[in-house]
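K.L.:
Take a look at the letters that make up each chain.
Protein chains: 2
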Amino acid sequence: MELVLPNFLEKRAQISPAKMAIKTETSSITFEQLFTRSKELAYKIASFGIRKGDYVSIYMENSLNLMELIFALKNIGCITVLHNTRLTVEELTYQVKDSDSKIIITDEEKCSLLQEPWNHSFVYSFSTIDNTVKYEEVPIQHEFNLSDTDTIMYTSGTTGFPKGVKQTYGNHYWSATASALNLGIREDDCWLIAVPLFHISGLSILMRGVIYGMEVVLHTKFDPKKVNKAIRSEKVTIISVVTTMLSKLVDELGEESYPTSFRCMLAGGGPVPLSMLERCHEKNIPVVQTYGMTETCSQIVTLSATDAISKVGSSGKALFPCQLKIVVDGVEQGPNSPGEIVVKGPNVTTGYLHRASFEDGWLYTGDIGYLDDEGFLYVLDRRSDLIISGGENIYPAEIESVLQSHPDVIDSGVTGVEDEKWGEVPNAFVVLKSGAKTTKEDIMNFLYDRLAKYKIPKRIMFVDTLPRNATNKLQRRKLKDLLHQNGAN
Amino acid sequence: MELVLPNFLEKRAQISPAKMAIKTETSSITFEQLFTRSKELAYKIASFGIRKGDYVSIYMENSLNLMELIFALKNIGCITVLHNTRLTVEELTYQVKDSDSKIIITDEEKCSLLQEPWNHSFVYSFSTIDNTVKYEEVPIQHEFNLSDTDTIMYTSGTTGFPKGVKQTYGNHYWSATASALNLGIREDDCWLIAVPLFHISGLSILMRGVIYGMEVVLHTKFDPKKVNKAIRSEKVTIISVVTTMLSKLVDELGEESYPTSFRCMLAGGGPVPLSMLERCHEKNIPVVQTYGMTETCSQIVTLSATDAISKVGSSGKALFPCQLKIVVDGVEQGPNSPGEIVVKGPNVTTGYLHRASFEDGWLYTGDIGYLDDEGFLYVLDRRSDLIISGGENIYPAEIESVLQSHPDVIDSGVTGVEDEKWGEVPNAFVVLKSGAKTTKEDIMNFLYDRLAKYKIPKRIMFVDTLPRNATNKLQRRKLKDLLHQNGAN
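Sequence lines, in order, name chains A and B. With the numbering used here as the guide, the letters of the first sequence map in order to residues 1 to 489. With the numbering used here as the guide, the letters of the second sequence map in order to residues 1001 to 1489.
Please note that a few of the clues may not be correct.
[Said to hold, decoys possible] BS3-like cross-link-like pairs, simulated, lysine-lysine; straight-line CA separation at most 25 Å: (1) A/19 / B/1311; (2) B/1437 / B/1421; (3) B/1052 / B/1023; (4) A/39 / A/19; (5) A/325 / A/311; (6) A/311 / B/1019; (7) B/1480 / B/1421; (8) B/1480 / B/1433; (9) A/480 / A/453; (10) B/1226 / A/39; (11) B/1039 / A/325; (12) B/1325 / A/19; (13) A/19 / A/235; (14) B/1023 / B/1226; (15) A/248 / A/478; (16) A/235 / A/248; (17) A/325 / B/1019; (18) B/1478 / B/1440.
Don't read these hints as lab results, they were simulated from the structure.
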């Protein structure tokens, strides 16, 4: 028998109708109001011909409207495809086509931009939908089947072609409860979202809010001053950050401190450096480091604040319902022996859209790490083809594939370079056709039209040849040596 | 793909090895020690020929040993059948045979009693197993399949024949997390068990302890003085009680009060009377009322302490992953309309041993109740054939079936009578063969050999005839009238 749960928000509205669900800088809404709104919105969306089982693309910045929309689509029984708003139209087109979305819903400002390549009955601004007087009372989904896909987020892989990660209702529920078994749940908890909702780090907070019956505070953009104010005077108890955000928060905090009610700074996207941990320790800021990815529906490994200093550099242990092993050539490794990080758990995706499911439930992350004698994970290297820049994942193969579509480029290789502000930024090596007159600026302009800004290489270097092995595979690690020869770092 | 989780205790021992798992009056044990012990015990049990998939009967009082044994059997992959220690040998025999258990493990004191009817290679005292020098290293189950049966507890139904309720690993996990979404989880939580582990109220606390990583305090028997001491000076934050226990605790407490760290008195087994709620309210005792049964693997409906007075008499709302409806003749009822209470959720049993599963996941409880306008459940009547006496469920049909096996009895009917000490006690009406010389005392002695003491009717009344309808079905509600005619209450 399939496992079903009641519609998350409808159920939460029944249990805690008057409890505050979401606060933004300008408005606030209870769980009952949120459900009522999401139901009305569902009827409006349905009037545009959207039905259960349809894929719907969303290309919107953080807002209360986006949150309402996310629950409206669940009410109809749609699969919600959340796109990074920093994508170019070309990148977005690929994902929308791949997901076979029936419509795109976007912010007002971006709407005309998108309506140009597509027709008007395919791209709608949120306000067009919200302002419609049409109303089609489709059946509201009162139950969620845990194995049904709820949301999809795209990540790129080694091929350079983005793949849609399927997140089921079960993945979201298990992820929320796994986190609860680790961090606990308190009546007065309030989790601040200052990361994008189109990333799993943001969306998972929203899901926890509804599943726990917990207030969520939404910031449209990350502003250290506003975040510190929310923690210091607006009763925020937990916030999710990436390392670069943490350092900005501590800088902005200056000589001030957080109230004792603030209980967790959940830090993802790579280990926090010891110097930063020591600063946080002095200021009594409880930093809980975590390792996770879109495919694990948020956290899968976490390090408690009490272990932060003694286990510096570690991401912690796998959450209660999750398993982790280190594998080299199919063989599980013992303690202190590095290999590929392989994970399993009910929060782990069953697979990518249009691709076969993982048969035995184990996800090969591509990341390299080891477990110490006590079972703490140390991530040595994110998959060699991954650059993490200000919390965004950048896949070199994707940039290379665009570079190589330029008529004068015959080969290219992209690698990450340390950067004080962003953690890492991409750098590109380009081999031009002999005699080509193309300049670095030409290449940059070519990329600007085709890649999200955060993916644009900070530096382009022309070289005669790239390190490739006998089977012509690019040797990514050797690109780092090439960098040094070219005077970087 | 089946959902699997890591072995609960093994995983907990990896995450929180040094954390206190269980404290009794004489000893204490960490999660790592508990797992090590449960593993050794598994090897010892295996040396008696017990293997994965075997059913093992347990007939033991609350003790640390019993807790270790429960986890040892999970390590092997056995199905654990937990029997009420108040059962007579005859009652136990029925359940053991029905479950097809391979052995019975019992306390030392009860061992010789049980070895009499059975042979010595079928009944073992716990100490015989624990003292063996044999050791068979069977594979430890590192994963639990959530749809596999973990434990079995017997309840009687309308037929008088006890049925084995299957509780899967998933039922236990979902029950624990559903409770967490309601009560929260705090780092300093400590849950006191003063109810039997062979009941779901006790076992579910032990499971929560391991799933949450929470300390559990075990009392062998309920002693109000000791319980109050544990709450007042041993940092207990939550305790599960039935109404009779609650009143004894409040009496014993006298002018004293509980510390503010004490956060939940979880009260099951019928609504708490208003006068008691008011006494608790005055003393700042947070009473959380709950409705649940063996089939729902503990709580399924709860009333928060803040709603206790305004919703007096209510059991509250269905937990987050659970659903509830009121049904009359297959038709779902609206607010304030009474009918049968029907529940669904991932914590609800998939069915009884040797019987078909519930097809659509809805469990018909047999209890009568209604929902108010805000969705709060009011239980009007436990199934008419159920007597709840001091937290134990008594099924009249079971007593009647024993009565009718007496050679001089031609008909019988049992019903519950209010009792100050026990809440309710059974009373029996008996129709004798004409001319029979059997006395009430004879009948009592007959019952004592065949029924657990708590099931023995407090009073036996000889009558000429019983209220039966046209199809000869006993009209239980009319037995109440008969009681009044016979001078009770």
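K.L.:
All the hints need checking, so say for each whether the structure fits it.
P.N.:
Do the hints match the structure? See the list:
no., hint, verdict
1, A/19 / B/1311, "holds, 18 Å"
2, B/1437 / B/1421, "violated, 33 Å"
3, B/1052 / B/1023, "violated, 29 Å"
4, A/39 / A/19, "holds, 18 Å"
5, A/325 / A/311, "holds, 19 Å"
6, A/311 / B/1019, "holds, 18 Å"
7, B/1480 / B/1421, "holds, 20 Å"
8, B/1480 / B/1433, "holds, 23 Å"
9, A/480 / A/453, "holds, 23 Å"
10, B/1226 / A/39, "violated, 52 Å"
11, B/1039 / A/325, "holds, 22 Å"
12, B/1325 / A/19, "holds, 24 Å"
13, A/19 / A/235, "holds, 15 Å"
14, B/1023 / B/1226, "holds, 14 Å"
15, A/248 / A/478, "violated, 33 Å"
16, A/235 / A/248, "holds, 20 Å"
17, A/325 / B/1019, "holds, 24 Å"
18, B/1478 / B/1440, "holds, 22 Å"
The earlier numbered hints that this structure contradicts are 2, 3, 10 and 15.
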